[in-house]
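If you read the protein sequences in the order shown, they are chains B and L. For the first sequence, my numbering assigns the number 1 to the initial residue and increments by one for each residue that follows. For the second sequence, my numbering assigns the number 1 to the initial residue and increments by one for each residue that follows.
Quick caveat, the hints were computed from the structure, so don't treat them as lab data. Fair warning: there could be bad hints in the mix.
Since the list gives no way to pick one copy over another, a pair counts as held whenever it fits inside one copy or between any two copies.
Unchecked claim - SDA-like, lysine to any residue: derived pairs with alpha carbons at most 20 Å apart:
#1 LYS422 to ASN27
#2 LYS256 to PRO31
#3 LYS261 to PRO31
#4 LYS279 to ASP360
#5 LYS261 to LEU189
#6 LYS125 to ASN327
Since the structure is predicted, the reported quantities are computational estimates derived from the model, not experimental observations.
Number of protein chains: 2
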Amino acid sequence: MKTPQSIGVGLLGLGVVGSGVAQALENHREPLACRVGAPLELRKVLVRDVEKQRPVSLPPHKLTKDAQQVLDDPAVQVVVELMGGESPAGEYIRGALERGKHVVTANKEVMAKDGPELLALADAKRLSLLFEGAVGGAIPIIGSLTKDFLGNQIHSIHAIINGTTNFILTRMAEEGMSGDEALRLAQDLGYAEADPSNDVEGLDAAYKLAILATLAFHSRVSPGEVFREGISRLHARDFRYASELGYAIKLLAIAKRDGAKVEVRVHPALVPEGHLLAKVSGVFNAVEVEGNLLGRTVFHGLGAGREPTTSAVLGDLVEIGRRLVANGEPSRAVQMEESLTVKAMSEVETRCYFRLNVPDRAGVLAQITRVLGDLNISIASIIQKDTDPTTQTAEIVITTHPSKEAAVQRSLALLGELDVVKEVSNMIRIEELPS
Amino acid sequence: MKTPQSIGVGLLGLGVVGSGVAQALENHREPLACRVGAPLELRKVLVRDVEKQRPVSLPPHKLTKDAQQVLDDPAVQVVVELMGGESPAGEYIRGALERGKHVVTANKEVMAKDGPELLALADAKRLSLLFEGAVGGAIPIIGSLTKDFLGNQIHSIHAIINGTTNFILTRMAEEGMSGDEALRLAQDLGYAEADPSNDVEGLDAAYKLAILATLAFHSRVSPGEVFREGISRLHARDFRYASELGYAIKLLAIAKRDGAKVEVRVHPALVPEGHLLAKVSGVFNAVEVEGNLLGRTVFHGLGAGREPTTSAVLGDLVEIGRRLVANGEPSRAVQMEESLTVKAMSEVETRCYFRLNVPDRAGVLAQITRVLGDLNISIASIIQKDTDPTTQTAEIVITTHPSKEAAVQRSLALLGELDVVKEVSNMIRIEELPS
């Protein structure tokens, strides 16, 4: 066995996570070398501005503004991509693999959109492409789905995988903040970006869910196939009513296998208060995986940010380093052994919570229940909530038994047309999870 | 790359978990072959009784009562040990490695006592010895500590890793059952053995904690070094008082690094109700790992039993199978890079809950608080609980600030000698975990 003197690492991006990784490679050099069997040596780092002052001090000759200097350096055996975004990060990952270099990335967008092709390219080249940092930060969900749980048929994933929105929902639930107030607070604290739409509209969660579903079901799921609904329609009132019914409201990412189809959807959901997912607060993430053998396993931890993502990236680096030391080829990566189709959202069945604003008088319920009954939507409960004496209106909350999304959407339209309904204020799906 | 036609598996033990593994290899042959890159072929199975009727049907020529027939079979490349117990399982694992066979085991006792030697033997022979099933069933805690979290310095582990005792404590807390009643129920449901002492006295948890601490701190921790206290002293009353104080009572397994020392202890502990560990109910397990980068990550899932352990064993088998397919040597296993010593329990500092039975009259508290004060045990709260008019006694509950175990033990002796203390009814340590 020929043990390499050191393992050359090239880094693309020296932002928040990149500098965390560079610093850890420096500060934990000895233990990492021991765990790998050879030191991990940072050779070249792609930066936007070579002159910029940084918290992590690197010798100037290691910094470059030219990606080719990293990708073409023969001393670089592993390229770590931490730039984020689809382009040029995706091209760089591909370029690194084509040049025979192993890759570690935390790029959810690239892995969600082009993961299967890139993994196939890595496989063909007998290279590793690891991406634990792309989903769930320090939560080892990628490793679990691609290794530990491989003896299972995975039935479902229920996850809170966007810390920004979970922070906002936690503040709305616990402090009665409005969504806008909570978002501004998240921005002030650095948990949300100036343009928060990727988080708030569920796109970030959809990328991550596409990755998890692809790995769990061994069948490609693209982010565009994920049904997506953001958190902007949620009102403080919904949290109060949900709580009275025994539920929390969370932005859930759900992937379920149903025969040869998969459901993949990101939307606000009522979650039973007794379930661990209901207790995930602030910027924490949690993922529940259900499989035929494992039952239900929940992971809970920090889902993003400098240290948690650095933890994931270093774990991947150590794994690749160990393989290089053992002269081992990477073992089989992700297998696309299935060809499942994504179920149309209209076919998906869920329980629902409706909040309606109606005139406070007799005969109203009869008309509403007839609309639902005609659509075969079975009612689980009807509760009259706050009434407003000045407008003579009342709020009613209706929960349903499992109903097809198509019928639910049709009911929303028909209810909106009724004279006795002033406003269909909200519809939130209910996920009944066993605690 | 020479891909093997199939990967030969030898199985030692066809009990609850062994038959689960045999059945899964049979029923999920195709997906497992796809994930590994070659079929996993069960070649030989060690059983006690070849004639016995079993739920899993295996051709008679594959069954043997002679372990050597498994260990010496040249077609067996991986030996899966699922007999449990120290001997002869430990000798068989060693024998398999000496014959050049990879090993998968779920044997906590062998891995706790002899894991470091066996892992070193496997390393020297360039073989894999994997043992995900030894701790936490389907929870991928071994894989996380030996791979995903390797970029971290682990600070602490707080775990509920014995389902039997957690089931008992849950029933005591939620239904006010006595410990004996709850134990009998656990036995009736098959969660506890006829002789429950390994579980109830914390030995099972101590084995598992020794394994986790060794992996987390890269330094050998033997099960005999783990401080251990069982659940038999807990009374329904303690659960009520703890709940009033805002705590649940759990049998915690705790490993903490403190400089060049480690604390390793298994004992009942008051856990803040807001913490996820306080919400682990029934036979579930949970493990919280704290590291410098990962922050705190919690795993929650089924900790034992046929399916969860089968899940872990199959994950290990797939990993070894993939390496064989890739012609790869196993990458570096567990590194013993540190030489930490185990901190004496007398040096450990914890907060404490005392329950005392005292005469219901003036002057009692003065004497008690003087004893504690003289030992530098600082009091956080004193609450008088139930009084008994017939015996004219009262129960008082005292909680302390962090205090050295040596002082706490001394205080228990001195309090017991006071005339004004009829009985020191209980002392339970308090673990303040951030939620």
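Hint by hint, here is what the structure shows:
1. LYS422 to ASN27: So LYS422 and ASN27 fail the 20 Å test inside a copy (63 Å) and across (56 Å) alike.
2. LYS256 to PRO31: between (40 Å within a copy, 18 Å between copies)
3. LYS261 to PRO31: So LYS261 and PRO31 pass the 20 Å test across copies only (17 Å; inside, 46 Å).
4. LYS279 to ASP360: neither (36 Å within a copy, 42 Å between copies)
5. LYS261 to LEU189: neither (41 Å within a copy, 37 Å between copies)
6. LYS125 to ASN327: For LYS125 and ASN327, both the intra-copy (15 Å) and inter-copy (15 Å) Cα distances are at most 20 Å.
Comparing the model with each numbered hint stated earlier shows that hints 1, 4 and 5 do not hold.
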